[in-house]
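Chains V and P, in that order, give the protein sequences. Position 101, counted from 1, in the first sequence is what my numbering calls 101; the numbers after and before it change by one each time, with no gaps. Throughout, my numbering is defined as the position within the second sequence, counted from one, plus 129.
No lab work stands behind these hints, which were simulated from the structure alone. Every residue, glycine too, gets a C-beta built ideally from N, C-alpha and C. Where hints are given, some of them may not hold.
Rough simulated footprint, nothing fancy, chain V against chain P, three-plus residues with beta-carbon under 8 Å [said to hold, decoys possible]:
#1 149–160
#2 171–177
#3 181–194
#4 205–211
#5 231–241
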Amino acid sequence: MTTTTSAPERKVTVPRNYDLVAWKWMRYSGILLIPLAWLHVLIQDVLVGVHQIDLDYVTMRWANMSWRIYTASLLAFAFAHGMNGFRQVLLDYIHGERARRFVSWLLLIAWIVITAIGAIGIIGGVRQP
Amino acid sequence: MASIKTILNGYVRYKGREGQMSFLLHRITGLGTLLFLTIHILDTSTVFFFPELYNHGIAIYRTTLFGIGEMILIFCVIYHGVNGLRIALFDRYPHLWTIENARKWSLSTLGLAILLWLPVLVIMSRNILMHNFGLFGG
């Protein structure tokens, strides 16, 4: 008995549709998020810590445009990655064509609305109360 | 929609070993991170919309309960990244996709994630003990 374990080579034609774009987005954003999200967590949660963070801290940090762009790219990449991942999880359990469409649209709208709220916050910056 | 009971039953009964463990962990850590990320986008946006509320939100994050949640969140972010990198690497070099490799690497990614998490756990526990319990000269 042979002990080969690798599957035979197979060719798959991938349809060029939205899901291909979404799949590629997950890969590229995922790889990018490893330095981006890990550094964010390392600085804010571990090195600085939530006990040092307040409105003044955000004001100080966002005074630097580079950190604002950094925050904006986290919003763009991490939240889109997460929402599309959530969609993939849900579509594993939802099989009706109409329900799938409904869920996809609902998540798309939620993604746009929450991203817009976050983006306005970053662009508008800290307003002193 | 498949019933929740059927889904959970399948997860418990299916003996997929290490591969299934990493599949489930990848999902749970991803969904957990998304849940916090959604809240985090909204709480951060209060700096513009309701600046007088921001410090109240942060006060909740400073409690011990949320501090423990924060440590779990960081494990989620680390594991999801390490395991995602493993999947991307296997897809890039498909000859790696053998059952033995998948088992071995699944455990390695979990081990590496825990290893990266341990120093975080020490530093953040110290922060909580210092600020919430007055230890270490807090």
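How the hints compare with the structure:
Counting residues of the region 149–160 of chain P whose CB lies closer than 8 Å to any CB of chain V gives 3, so the stated coverage by that chain holds, three being the minimum. Figure legend: the region 171–177 of chain P, annotated as covered by chain V; annotation consistent (6 residues with Cβ-Cβ distances under 8 Å, at least 3 required). Figure legend: the region 181–194 of chain P, annotated as covered by chain V; annotation consistent (6 residues with Cβ-Cβ distances under 8 Å, at least 3 required). With 3 residues having a beta carbon nearer than 8 Å to a beta carbon of chain V, the region 205–211 of chain P meets the requirement of three or more and the stated coverage holds.
Counting residues of the region 231–241 of chain P whose CB lies closer than 8 Å to any CB of chain V gives 0, which falls below the minimum of 3, so the coverage claim is violated.
The structure fails to meet hint 5 from the earlier list, while all remaining hints are met.
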